[in-house]
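A.B. asks: Next come the chains, spelled out residue by residue.
Number of protein chains: 2
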Amino acid sequence: MLPSEPVVAIVGATGAVGEEMLSILAQRRFPMQSVKLLASKRSAGSVVDFRGRRLLVEELTEDSFDGVHLALFSAGKTVSKQYCPIAVQAGALVVDNSSCFRMDPAVPLVVPEVNGHVLDRITKPCIIANPNCSTIIALVAVTPLHRAVGVERMVVSTYQAASGAGAAAMKELETQAREFVAGFPYTTKIFGRQYLFNVFSHNSAVGEDGYNEEEKKLLNETRKMWEDNAVRITATCVRVPTLRAHCESINLTFRGSLKEADARDILAMAPGVKIVDDRTANKFPEPIDAAGGDDVLIGRIRADLSQAPGKGIDLFVAGDQLRKGAAQNAIQIAERFVRVKAAV
Amino acid sequence: MLPSEPVVAIVGATGAVGEEMLSILAQRRFPMQSVKLLASKRSAGSVVDFRGRRLLVEELTEDSFDGVHLALFSAGKTVSKQYCPIAVQAGALVVDNSSCFRMDPAVPLVVPEVNGHVLDRITKPCIIANPNCSTIIALVAVTPLHRAVGVERMVVSTYQAASGAGAAAMKELETQAREFVAGFPYTTKIFGRQYLFNVFSHNSAVGEDGYNEEEKKLLNETRKMWEDNAVRITATCVRVPTLRAHCESINLTFRGSLKEADARDILAMAPGVKIVDDRTANKFPEPIDAAGGDDVLIGRIRADLSQAPGKGIDLFVAGDQLRKGAAQNAIQIAERFVRVKAAV
Numbered sequence: 001m002l003p004s005e006p007v008v009a010i011v012g013a014t015g016a017v018g019e020e021m022l023s024i025l026a027q028r029r030f031p032m033q034s035v036k037l038l039a040s041k042r043s044a045g046s047v048v049d050f051r052g053r054r055l056l057v058e059e060l061t062e063d064s065f066d067g068v069h070l071a072l073f074s075a076g077k078t079v080s081k082q083y084c085p086i087a088v089q090a091g092a093l094v095v096d097n098s099s100c101f102r103m104d105p106a107v108p109l110v111v112p113e114v115n116g117h118v119l120d121r122i123t124k125p126c127i128i129a130n131p132n133c134s135t136i137i138a139l140v141a142v143t144p145l146h147r148a149v150g151v152e153r154m155v156v157s158t159y160q161a162a163s164g165a166g167a168a169a170m171k172e173l174e175t176q177a178r179e180f181v182a183g184f185p186y187t188t189k190i191f192g193r194q195y196l197f198n199v200f201s202h203n204s205a206v207g208e209d210g211y212n213e214e215e216k217k218l219l220n221e222t223r224k225m226w227e228d229n230a231v232r233i234t235a236t237c238v239r240v241p242t243l244r245a246h247c248e249s250i251n252l253t254f255r256g257s258l259k260e261a262d263a264r265d266i267l268a269m270a271p272g273v274k275i276v277d278d279r280t281a282n283k284f285p286e287p288i289d290a291a292g293g294d295d296v297l298i299g300r301i302r303a304d305l306s307q308a309p310g311k312g313i314d315l316f317v318a319g320d321q322l323r324k325g326a327a328q329n330a331i332q333i334a335e336r337f338v339r340v341k342a343a344v
Numbered sequence: 001m002l003p004s005e006p007v008v009a010i011v012g013a014t015g016a017v018g019e020e021m022l023s024i025l026a027q028r029r030f031p032m033q034s035v036k037l038l039a040s041k042r043s044a045g046s047v048v049d050f051r052g053r054r055l056l057v058e059e060l061t062e063d064s065f066d067g068v069h070l071a072l073f074s075a076g077k078t079v080s081k082q083y084c085p086i087a088v089q090a091g092a093l094v095v096d097n098s099s100c101f102r103m104d105p106a107v108p109l110v111v112p113e114v115n116g117h118v119l120d121r122i123t124k125p126c127i128i129a130n131p132n133c134s135t136i137i138a139l140v141a142v143t144p145l146h147r148a149v150g151v152e153r154m155v156v157s158t159y160q161a162a163s164g165a166g167a168a169a170m171k172e173l174e175t176q177a178r179e180f181v182a183g184f185p186y187t188t189k190i191f192g193r194q195y196l197f198n199v200f201s202h203n204s205a206v207g208e209d210g211y212n213e214e215e216k217k218l219l220n221e222t223r224k225m226w227e228d229n230a231v232r233i234t235a236t237c238v239r240v241p242t243l244r245a246h247c248e249s250i251n252l253t254f255r256g257s258l259k260e261a262d263a264r265d266i267l268a269m270a271p272g273v274k275i276v277d278d279r280t281a282n283k284f285p286e287p288i289d290a291a292g293g294d295d296v297l298i299g300r301i302r303a304d305l306s307q308a309p310g311k312g313i314d315l316f317v318a319g320d321q322l323r324k325g326a327a328q329n330a331i332q333i334a335e336r337f338v339r340v341k342a343a344v
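Read top to bottom, the protein sequences are chains X and Z. Numbering (the working numbering) for the first sequence: 1 to 344. Numbering (the working numbering) for the second sequence: 1 to 344.
Hints are not guaranteed to be accurate.
[Stated by the list, open to error] 30 Å max Cα-Cα, derived BS3-like pairs, lysine-lysine: (1) K171(X) to K189(Z); (2) K81(Z) to K189(X); (3) K283(Z) to K171(X); (4) K189(X) to K283(Z); (5) K311(X) to K259(Z); (6) K283(X) to K41(Z).
[What the hints assert, rightly or not] What the simulated footprint calls covered on chain X by chain Z, stretch by stretch (three residues with Cβ under 8 Å from a Cβ of chain Z suffice, anywhere in the stretch; the number is not a length): (7) 190-200; (8) 240-249.
No wet-lab data here; the hints were simulated from the structure. Glycine included, C-beta positions come from ideal geometry on N, C-alpha and C.
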C-alpha cells in the first residue's frame, strides 16, 4: 500500500516525540522519498537538521497531506481529531500517537510485538493508533507470558518520566535542579508543583471511580490489544523525577501455571526486550539504561511468594518513553508496510 | 519501669536517624533528666545543639549505659548486636532501630498504632525492636483495614527516599544535582551509580528467591506484628531520587468485604494518618508533603477494578522515613512507658 520510498509527514515535528520520530527514521534508515515537517503556526518556520540537510518546519493546514503517503501524528488529541481524517482522505496511511482514536472499534491499536498480525488486514489508507506509552512498555514485557499461560490478573505501579508530559516538562525538571543549586524558588509551570526530589500521582484527570486517565488507558488498551475482556487489571500511575524512560513494577497472576525458570526463558526469547537481571551485582532495569535504546529492559523476575507456586510472577521493567513508548513503536508499525511492499 | 524523668542515651547520635531522635525528643517535650549522645570514636567529640545547650558527643563504650534508663539505638546492626544487651544489663530499656533483633521471637517488634498492646506486657528492661521504615509506613495505613475485614493479600511497590541509606546518601543526591548543573561527572560513592534523574531496585542484597532484604523485611515483619502467618504479601522495593519520605503503592485483597466509602471512613478515624485524597485538584500524598510531619499520608483510595466489588482497595501512601519510619516510632514506643509511669 505504501510505495517503496514513501513521502512521509511528521505532524508535531517540534515536540519531544516528533523530534524523536525524525531521529529514529534516520537511525533505522527508513526508506523515504522525502520527509515533511508539520507543526502549529507558532512553531512553523523553524529549521531542523536531518541527515546533514536543513528542513523547514511548515504550518499544518488542510492541504498539508497532498502527495503524502505516510503521516505520523504526535501533536495531541485535538490536532489528531481534526487532521487524521483529512490525511487519510488525501490518501495517507496515518499512525497516530494521540489517545484520540485508540478505543475506536474501527481503528487498529497496535504494538508490533504484541498484535502485529492486525496490520496484515489493512489494505487501504486508514488510521492506526499507537497505544499509550505505559501500556506499550508493560505489554512488550507481559504479552509473551500471556501467550504462554494466560494472564488472569495484573497489578501495575508505574514510575513515569517527565517526557510523557512533553519536552517542556523535561526542561522544567532540569530547570528545577538549577534552581535548587542556586537556592531560587522552583518554576512550576507544567505540573504546578515541585518535581525535583518529589513523586506525585500522574497528572491526568481522575474519574469518579478514582482511577486517572493514564490508568484507564492501561486497563482498556490492554484488553483491546489482547482481544481479551476477561483479563483483570489495576494500575497506579505515578510521576517520578526522571527524564525519558518509564519504569513499571508488575505483578502477574496466571490462568495456567508457569515456573520462574520458564518465564525467564520465554522472556529471553521475546522480541523487543532485554533481560537485565543480575541478582549478585544488584543490577536491574534503570531508566538511565533504557533511555535512548530500542528495548524494554526486564528484571527482578521472580516467583511471587504471595501466590501458589507457578501462579504468579513479579517483574520490574524500564523502557524509553519517547522511543518504544511513542516514536519507535509508530515507526515499527510503518515499517511493516514498507517491508511488505518491498518484498512484492 | 522508667522514672518519670529518665536519663536517655542516643546511640548513633550523629547519624540521620540519631539527629532526628534528638530533634523529636525536643519537639515532643519528652520528659528527661538528661540526654547522653553516643557515637563511634570517629564522631565522638563533636558538639550538638539541644534546647539551647551544647551537648558533647561521647564515644560508645561498654560503660556508656551506667545510670541510663532509656537507650535509643540507631547505629546499625553490628553496634546493636554488641551493645543492646550491654545496655539492658545496665538496666536500660532499649529501643533498637536496626534489623538485628526484629525477628527474634523473644523481642517485641512494635508500631504503637499497629500493636502497641504488646508493650503492656513489658515489665523489666529489655530490647524492643523498631520495624523497618517501609513496613512501618505501610502498616500504619493498612492495619486499620486489616482489623476491620482482614487482609488476605497485599501487593506493595515502594518509592523509597535517599534517607533510608543515611545522611551520606541524602548528601550524595544533592551533590549529584550540583554536578548535573556544573556539568561534572557524578559522585557515586554510596550507591555506585547515578541517582539523580534515575530509579533503581533497592540496594539491599538479593536472596536466592529473587527478593531483596528490604522486601523480605516487609513480608516477615508484617506477619510478626499482625501475629498472622496466613497473610500473603509480595513487595518490590525501589529507590527513587527523593530525600526523606517514602511512598508506597499498595494493592489489597480482603478476606471479608469492604466498600470504598467504609475503607475511607475507617482510615479517616485511624491514628497516625492523614487523608490526602483530592481527586478534583489531583492532590494526593507526595514525599515533600510527608517530610518533616508526624503522619502517614494516605490517598488514591479506590475500589480495585480488578477484583470483585468489596474485595480489594488500592492506596498510595507517603511517610517521613526518618520520623515515623524510624526516630518518631522509637520515641512513641518510649512514650508509652513514661506515660504509664507518670499516670501511677
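A.B. asks: Next step is simple, just say for each hint if it's right about the structure.
C.D. replies: How the hints compare with the structure:
Between the alpha carbons of K171(X) and K189(Z) the distance comes to roughly 27 Å, so the proposed pair stays at or under 30 Å and holds. For the proposed pair K81(Z) and K189(X), the alpha carbon gap of about 51 Å is over 30 Å, so the pair is violated. About 23 Å separates the Cα atoms of K283(Z) and K171(X), which keeps this hinted pair within 30 Å; it holds. Note on K189(X) and K283(Z): the hinted pairing holds, with a Cα-Cα distance of about 16 Å set against a maximum of 30 Å.
Annotation: proposed proximity of K311(X) to K259(Z) holds, straight-line Cα distance about 27 Å (limit 30 Å). With a C-alpha separation of about 34 Å, the suggested pair K283(X) and K41(Z) falls outside the 30 Å cut-off, and the hint is violated. Check result for the segment 190-200 of chain X against chain Z: holds, 7 residues qualifying (beta carbon to beta carbon below 8 Å, three or more required). Chain Z is given as covering the segment 240-249 of chain X, and this holds because 6 residues of the stretch bring a CB closer than 8 Å to a CB of that chain, at least three being needed.
Hint compliance for this structure: hints 2 and 6 are not met, and every other hint is.
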